[in-house]
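From these two lone chains plus the hints, build me the complex, please.
The residues making up each chain are set out below.
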Amino acid sequence: MSFLTELPIDLAELLAEVAEPDHGGIATFLGTVRNHHRGRGVLRLEYSAYTPMAEAECARIAAEAAARWSVAVALRHRIGRLEVGDVAVAIAVASAHRDEAFVGCRYAIEEVKRRVPIWKQEFYSDGTVAWVDPTRVEKSGIAEGVGHGGWSAG
Amino acid sequence: MSSPTIPSVSVRVLLFASYAERLGREVLELTLPTPATVGGVLREVRSLPGGEQLPARPLCALNLSHVGPDTPVSGGDEIAILPPLAGG
Chain A
3 MSFLTELPID
13 LAELLAEVAE
23 PDHGGIATFL
33 GTVRNHHRGR
43 GVLRLEYSAY
53 TPMAEAECAR
63 IAAEAAARWS
73 VAVALRHRIG
83 RLEVGDVAVA
93 IAVASAHRDE
103 AFVGCRYAIE
113 EVKRRVPIWK
123 QEFYSDGTVA
133 WVDPTRVEKS
143 GIAEGVGHGG
153 WSAG
Chain B
251 MSSPTIPSVS
261 VRVLLFASYA
271 ERLGREVLEL
281 TLPTPATVGG
291 VLREVRSLPG
301 GEQLPARPLC
311 ALNLSHVGPD
321 TPVSGGDEIA
331 ILPPLAGG
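In order, the protein sequence lines correspond to chains A and B.
Following my numbering, the numbering of the first sequence begins with 3 at its first residue and continues without gaps.
Following my numbering, the numbering of the second sequence begins with 251 at its first residue and continues without gaps.
Pulled out of the complex, with its shape left as it was, chain B reads as follows (with noise of 0.2 Å):
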């Protein structure tokens, strides 16, 4: 038995604010091929139901740091993406 598998990774995604309320959820878990980046993830999540409302390159955050969209993502990230910050 060698049925040959796609390697993958589960990630966890957060969304806030009006993305959250877009997509109609706070939490997603994915699962992308690899090699996945920040970028594959948005990808993914812009095409969801209520996804497409999302710009096409929102401010995103890897493991509590903000990142690019070609920041690699491992298994087990916590990748969020962040509408525009209107903190102060």
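One chain only, chain A, in its complex shape (with noise of 0.2 Å):
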């Protein structure tokens, strides 16, 4: 099973990964493609990954959470060109009960975003693309950089 897929992401296939009898619920996170970025139209996204690299990360990140919370985890995310309203990530977390669910989904979701190697290139309405930075924050309507934790992820 790969974490990672050029395909349009089955939550059904996720649901059945996760479900257990001894489990009491399912939370779930979709990640969907948005038509606007700090106040400019996206018309798509193309995400590129570091493969084997993100593989890696995504099962550590899978096994870390089930190891915390005694929950079952699954995990999508789309590579390649994606349409506003794509689902590009997914995760389903299942437990007996429903605090652990959420919490863990919280945590796969929030860890993915700061670990794995990912990358977005958007492509807006004005025909100009370029490489999201999650770190460049606005300031004035200017986006400027402020680093980006540099060595301290992982």
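If you are wondering where the hints come from, they were derived from the structure by calculation, not from laboratory data.
We put the beta carbon where it would ideally sit given N, CA and C, even for glycine.
Don't take every hint at face value.
Stated by the list, open to error - Far from chain B by the CB rule (all over 10 Å, computed), these chain A residues:
hint: 1; residue: 36
hint: 2; residue: 46
hint: 3; residue: 59
hint: 4; residue: 90
hint: 5; residue: 98
hint: 6; residue: 117
hint: 7; residue: 126
hint: 8; residue: 135
To be verified - Per the computed footprint, the stretches of chain B lying under chain A, defined by three or more beta-carbons under 8 Å from a beta-carbon of chain A, are:
hint: 9; stretch: 264-270
hint: 10; stretch: 307-316
hint: 11; stretch: 319-333
Structure (structure tokens):
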């Protein structure tokens, strides 16, 4: 099973992966492509990855959540071209009780964003293209670099 | 014949996304004197044409795991220099 996929994500497949008779709940998160970014119209995205490391990092995140909260974790991230509204990332976390499912799901998406080597190119309605840098913050309408945590990840 | 040779290590360096565009390539083979570190690899890459556009302290990975600049590197290691992550 791969965590990265070039095909549309099938949520039912993730739900089936984590289903167990002793589970009482499944928390899910779907990240979708939005049509705007910092005031600009977004037409589509293109995700790329350092595939072997992205796979390894997703496996580590799923294992960490499983060990910490006794949950089952299913995770997928799209790579390649995506259109507005497409599901880019999907996470399903199942557990005996809902608290662990919610907290495990939140942990998984936050760690995916923080640690998994995936990059996103946005194609804007004005015809321009840019690599997205979530570490840059808006200030007076101008994006300014503020560094990105340097060596701290991992 | 005993001409002294400086001990060195050869490593593979991967660049991605905006960093690959700035250097104009995705893979580099570098040879560094020992003892070598991830920070030393980074200094070497930043000395290449286009490399000066990389930040001084980018995210780096060694053999598929995030590491800091002081991490030692050995022959055959794969070092990746990672632009700001944008998954999710």
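If you look at each residue in the stretch 307-316 of chain B, do at least three have a Cβ nearer than 8 Å to any Cβ of chain A? Answer holds; 8 residues pass the 8 Å Cβ test.
Would you check whether the claim that residue 59 of chain A is not at the interface survives, using Cβ distances to chain B and the 10 Å cut-off? violated (8 Å)
Reported absence of residue 117 of chain A from the contact zone with chain B (all CB gaps over 10 Å): At roughly 7 Å from the nearest Cβ of chain B, residue 117 of chain A sits no farther out than 10 Å, so the non-interface label is violated.
Are all C-beta atoms of chain B more than 10 Å from that of residue 126 of chain A? holds (15 Å)
Non-interface claim for residue 135 of chain A versus chain B (Cβ beyond 10 Å): Not fine: 4 Å to the nearest Cβ puts residue 135 of chain A too close to chain B.
Check on residue 98 of chain A being off the interface with chain B, judged by Cβ distance over 10 Å: Given that every Cβ of chain B is farther than 10 Å from that of residue 98 of chain A, nearest at about 27 Å, it holds.
Consistency of the no-contact label for residue 36 of chain A, given chain B and a CB cut of 10 Å: Correct as stated: the minimum Cβ-Cβ distance to chain B is 12 Å, above 10 Å.
Closest CB of chain B to the CB of residue 90 of chain A still more than 10 Å away: The claim breaks: residue 90 of chain A does not keep its Cβ more than 10 Å from every Cβ of chain B (closest is about 7 Å).
So is the stretch 319-333 of chain B in contact with chain A by the C-beta rule, three or more residues under 8 Å, or is the coverage claim wrong? Per the Cβ count (4), the hint holds.
Taking a Cβ-Cβ distance under 8 Å as contact, does the stretch 264-270 of chain B have three or more residues in contact with chain A? It holds: at least three residues are needed, and the stretch 264-270 of chain B offers 4 whose Cβ sits within less than 8 Å of chain A.
Non-interface claim for residue 46 of chain A: all C-beta distances to chain B beyond 10 Å? The claim holds: residue 46 of chain A sits with its nearest Cβ about 15 Å from chain B, beyond 10 Å.
Violated hints for the displayed structure, listed by number in ascending order: 3, 4, 6 and 8.
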